[in-house]
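J.: Chains as they are written, first to last, in this note's numbering: chain A, 1 to 43; chain B, 1 to 559.
Since the hints were derived computationally from the structure, they do not count as laboratory data. Keep in mind that the hints are not guaranteed to be accurate.
Said to hold, decoys possible - For lysine to aspartate or glutamate, the following EDC-like pairs were computed, each having C-alpha atoms within a straight-line distance of at most 20 Å:
no. : chain 1 : residue 1 : chain 2 : residue 2
1   : B       : K91       : B       : E505
2   : A       : K33       : B       : D439
3   : B       : K131      : B       : D143
4   : B       : K504      : B       : D439
5   : B       : K269      : B       : E436
6   : A       : K33       : B       : E436
Please read these numbers as outputs of a predicted model, since none were measured by experiment.
One letter stands for each residue in the lines below.
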Amino acid sequence: MNSTALIMMLLTQGLVISVTGYFLYRVLTITPKKDTTEDNQPF
Amino acid sequence: MENLNSTKEAWGSRLGLILAMAGNAVGLGNFLRFPVQAVQNGGGAFIIPYLICFLVMGIPLLFIEWSTGRYGGKSNNHSTPYILDSMAKGKIWKYVGVFGIFTNIAVVAYYTYIESWTLSYVLHSVLGTFKGMSQSQVTAFFDNYIDISQSTTGIPYESVLFYVLVLTLNVFILSKGLGGIEKVAKIGMPLLILFGLILAVKGLSLGESGKSTLFPDASAWDGLNFLWTPQYDSLFSPKVWLAAAGQIFFTLSVGMGTIHCYAAYIKPKEDIALNAVSAGFMNEFVEVVLGSSIVIPIAAGYLGLDWVMANAGFGMAFQTMPFLFQQWGEVMGTFAGVLWFGLLFFAGITSSLAMGTPWMGFMKDEFGWNKNQGAWSFGLVALLMGLPTVLFYQQGVFEEYDYWAGTVSLVVFALLEAILFSWVFGINKGWREINEGSDIKIPLFYKFIIKYITPLLLLLVFLSALITPENNEWTINILRLTEGQSWQLDNGSIIRQISHHGLKEQWAAATLPSVKSALEEKMYYSNFARILLVGLFLFISFLVYLSHQKRQKEGRIKI
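Extracted from the complex, chain A is given alone in its bound form (with noise of 0.2 Å):
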């Protein structure tokens, strides 16, 4: 593989993998809100 490709490759990979994990972890560390209001209805 010739190395413009790779970076090219590393580069795009590296920013989704890193900013899709820290998405992520913000959803699974923030404590959830307190729920004051009623449920939805199903369907």
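Fit chain B to the given chain A structure using the hints.
T.: Below, chain B without anything else, positioned relative to chain A:
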């Protein structure tokens, strides 16, 4: 009948909701469409317009649909006709919302057929059906499979049987409500990622080990080089930007009505901003990281880059991959087949389940139908719409559904909802809605993007489909216009598709009576498919009309 108010169902967990939303977005296109688009549009440079379009069209559309859905859920509306109706004055919006049910039924009708191929191919991989087959035999196997008059296993009407089986499985899971969908997403998505990672590692490490006397130049590196080496001149091509915008649009499953429906079950003060970007980026991970590392390098690793360039497309999944897996030996070949078709199956079912929910939500809200009634009636309508795509697949019914329902309808609906959100509902109100309960701070410039850039990009995507220039050569056609010449339409443009221009051209050029009659048959079945689609749209519009009358009688209507 179940008491409508007795059970209060919502998403079981935040992670479950995100996995279900990501599962809705992740589909076969992540593994098959994205790498092909990248190869055809500038290789590594394609990723630049692709990621820009994700940020200025994809993320904003996710914000719009998630917040619109949650807004509708606050007034107990769980499908687009009345979600859109609750956002604006006037009777028209609930009929615009019909798209959000229509598209799902029409798409699920043929999508579950592809899903059934993946399940059937898992079985054939286990049974060792592809063992010792040549490339052309694997291709012929697929052609036989979709020809309902033939059977690959001895079971009569095998493809029809698998189709009904997969549709029934979908209906059964849907009848369990959100809990069933969430369970499938929690199992299916991690498995999909695991299967994808194993195949991606194999694809990235294949190198030149697949060279043969038949394909002495085969090299996975060539595939990866072509996929990732930037061709920066392509950045100045409108065709590449439109391809990138189109890919972002279809990969995120926006413009369908499924996101609205899922989001309608989110509690009013719960976050949607972080959830939306998390689900969106999870889809990007599957597409950019896994999707680019499987089909292209593996195919180039055995058949060479030239073959990939000439044959890259959707058919590779079923007509090429089983042959390539056999090159890894009996055990690994079987294992790889199960992983590949297994991941496609999970990608498919998590999307098709989402397509059932808008109908169920609508029938529940408007006519009090419980989960079982909603799910089984959905299955029945999908079956009635889907059987023609199975029985007359080779006559083009499938393609017709995919074009009008799976492509054009999505763009039209997304464009209209973006206009509604920013210009009718109002961007200030919309911005407040997006930020309500948000766990992240959304940059303020997104307000500007949502109001101006996103609708403009959607309009461009729509216009590009409406008046696609000949051979998709935008630059040449624009130059022609400046020189006073006429705009040459491509046969793939909406305008020419409506009039069957391409088929008529082929018919005029054909000399053999058998070819002429085959083209006439194709035109006949295309019209038949269109009648079915228009009929479905009118049927759902009629249900919306009836529900409106019912709401008026019950005093539930807004003045």
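J.: For every hint, state whether the structure bears it out.
T.: Verification of the supplied hints:
1. For the hint linking B/K91 to B/E505, the alpha-carbon distance of about 42 Å lies beyond 20 Å, and the restraint is violated.
2. Of the supplied pair hints, the one linking A/K33 and B/D439 holds, its CA atoms being roughly 10 Å apart against a limit of 20 Å.
3. Between B/K131 and B/D143 the CA atoms are separated by roughly 17 Å; this keeps the pair inside 20 Å, and the hint holds.
4. With a C-alpha separation of about 55 Å, the suggested pair B/K504 and B/D439 falls outside the 20 Å cut-off, and the hint is violated.
5. Our distance criterion of 20 Å between C-alpha atoms is met by B/K269 and B/E436, whose separation comes to about 7 Å.
6. As the CA atoms of A/K33 and B/E436 are separated by approximately 13 Å, the hinted pair is consistent with the 20 Å bound.
In this structure, the earlier hints numbered 1 and 4 are contradicted, and the remaining ones agree with it.
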